[in-house]
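Asker: Based on the hints, put chain P in the right spot on chain V.
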Amino acid sequence: MKFLRMRPGHGEQLIAEGDPEVAEDEERLVAEFRHQLEQGMWAAVPIESRSGRREAEMVTDFRQIPRDTGRVIFFPRAAGGAR
Amino acid sequence: MLVAIGATAIVILALLWEVSVPWLQRRARARRANAQARAADAALPVAYDPGRERRAEQRARELLKSCVNEEEWAMYRDLGFIRVWGGQSHVGGDGVRVGSLVSGRALDGVPYAYLIYPHKPIVAYLPQTSRVLNEYCVEFPDETRPYGSARLPDSDDVLAKWMALKGDERRLITTANMHLPGRQIDPRQIARDIWRLGRWERERLEEGRRAHGAGSGAA
Chain V
0 MKFLRMRPGH GEQLIAEGDP EVAEDEERLV AEFRHQLEQG MWAAVPIESR
50 SGRREAEMVT DFRQIPRDTG RVIFFPRAAG GAR
Chain P
0 MLVAIGATAI VILALLWEVS VPWLQRRARA RRANAQARAA DAALPVAYDP
50 GRERRAEQRA RELLKSCVNE EEWAMYRDLG FIRVWGGQSH VGGDGVRVGS
100 LVSGRALDGV PYAYLIYPHK PIVAYLPQTS RVLNEYCVEF PDETRPYGSA
150 RLPDSDDVLA KWMALKGDER RLITTANMHL PGRQIDPRQI ARDIWRLGRW
200 ERERLEEGRR AHGAGSGAA
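Keeping their order, the protein sequence lines are chains V and P. All residue numbers for the first sequence refer to numbering that gives the first Met the number 0, where the first residue is 0 and numbers rise by one. All residue numbers for the second sequence refer to numbering that gives the first Met the number 0, where the first residue is 0 and numbers rise by one.
Here chain V stands alone, though its shape is the one from the complex (with noise of 0.2 Å):
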């Protein structure tokens, strides 16, 4: 399982990895998805639905996050703009 940030400036940076079968790993990534959302992130999974279709869910705590997921997406979360 991947962690990936986006960016200003750079695009998606790999923050953390592992397999979360793995005691230590997933501690690791259980630790590293908290420091995220505490910096004021959201995660998405980017999952495919029985029909094929591609979609997202938005996840909020680590056992959300279906196990066999490759990847799971923080972005900084939204904001009312233009006002």
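Read the hints as simulated data drawn from the structure, not as lab findings. Every value quoted in this text rests on a predicted model; they were computed, and no experiment measured them. Positions of the beta carbon are idealized from the N, C-alpha and C atoms, including for glycine. Any given hint could be a false lead.
[Said to hold, decoys possible] Label-pair ranges, simulated between beta-carbon atoms:
id : chain 1 : residue 1 : chain 2 : residue 2 : range
1  : V       : E20       : P       : A210      : 19 to 29 Å
2  : V       : T59       : P       : L78       : 30 to 40 Å
3  : P       : R26       : V       : I14       : 26 to 36 Å
4  : P       : E206      : V       : E47       : 18 to 28 Å
5  : V       : G51       : P       : R195      : 23 to 33 Å
6  : V       : E20       : P       : W199      : 17 to 27 Å
7  : V       : D60       : P       : E206      : 41 to 51 Å
8  : P       : R53       : V       : I14       : 34 to 44 Å
9  : V       : A78       : P       : Q188      : 21 to 31 Å
10 : P       : E61       : V       : E20       : 38 to 48 Å
11 : V       : Q63       : P       : R144      : 26 to 36 Å
[Said to hold, decoys possible] A short, non-exhaustive set of chain P residues, derived as facing chain V with CB atoms under 8 Å:
id : residue
12 : L62
13 : G166
14 : E205
15 : G207
16 : A210
Answerer: Showing chain P alone in chain V's frame:
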């Protein structure tokens, strides 16, 4: 003789002093100004680098392509925006309620959709009539500003909107500032884009039919 040479030397030194002092003062001022300019440059976060921005956008495009559907990617590549159908969010399945929120009235199953542009408001509209409902102004500012700007690359901005709409439409729509059509995007441009989208879809359909026909013919 020695006195004359000494006097001449003193005069020459005096003249040189007169000439060189203003020059030395100018050099000192220029050196101070350069040092101040260097200090000011160092205080700036990071200079704008078009090459870096281009590389960032290239990476963002690859990520977008790998996440959205083939048709959506082709739409973005060809038209510069993506249409996302409303009411299909994974959270709660409350498409009808969000639809009411978007349109201001019960839609009773009438499909509605959004146009996602990079760094522009999300536009909600009714595809059946091409009626534009609202503009949703939303940003994803990264306050860590790694290169001095809080602005994501264009394709990352589109992907962030796409994921947020797909994953939790209600949260994104309620976070955004809602405005009437025309606040930031010219309604004529939206009308033109909806028309371009319709034509683009018809052409793709036609191409698909032709390819299918050729395949069947060959078989």
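Asker: If a hint holds in the structure, say so; if it doesn't, say that too.
Answerer: To see whether the hints hold, each was checked on the structure:
1. A hinted range of 19 to 29 Å for the beta carbons of E20 (chain V) and A210 (chain P) is inconsistent with their spacing of about 43 Å.
2. Remark: the range hint 30 to 40 Å for T59 (chain V) to L78 (chain P) is upheld by a beta-carbon distance near 33 Å.
3. Roughly 50 Å separates the CB atoms of R26 (chain P) and I14 (chain V), a value that falls outside the hinted 26 to 36 Å.
4. Our hint of 18 to 28 Å for E206 (chain P) and E47 (chain V) holds, since their Cβ atoms are close to 25 Å apart.
5. Separation of G51 (chain V) from R195 (chain P) is about 27 Å and conforms to the stated range, judged on CB atoms against 23 to 33 Å.
6. Our hint of 17 to 27 Å for E20 (chain V) and W199 (chain P) is violated, since their Cβ atoms are close to 44 Å apart.
7. Judged by the Cβ atoms, the range 41 to 51 Å given for D60 (chain V) and E206 (chain P) holds: they are separated by roughly 44 Å.
8. About 23 Å separates the C-beta atoms of R53 (chain P) and I14 (chain V), a value inconsistent with the hinted range of 34 to 44 Å.
9. Distance hint check for A78 (chain V) and Q188 (chain P): the Cβ-Cβ separation is about 24 Å, which falls inside the suggested range of 21 to 31 Å.
10. Range check, E61 (chain P) to E20 (chain V): Cβ separation about 28 Å, and the 38 to 48 Å hint is violated.
11. A C-beta distance of roughly 29 Å is found between Q63 (chain V) and R144 (chain P), which places it inside the suggested range of 26 to 36 Å.
12. Residue-level restraint check for L62 (chain P) holds (minimum Cβ-Cβ distance to chain V is 5 Å; threshold 8 Å).
13. With a least beta-carbon distance of about 4 Å to chain V, the hint placing G166 (chain P) at the interface is held under the 8 Å criterion.
14. At a threshold of 8 Å, the smallest CB-CB gap from E205 (chain P) to chain V is about 23 Å, leaving the interface hint violated.
15. Because the beta carbon of G207 (chain P) sits about 16 Å from the nearest beta carbon in chain V, more than 8 Å, this interface hint is broken.
16. Annotation: interface hint on A210 (chain P) violated; nearest CB of chain V at approximately 19 Å, more than 8 Å.
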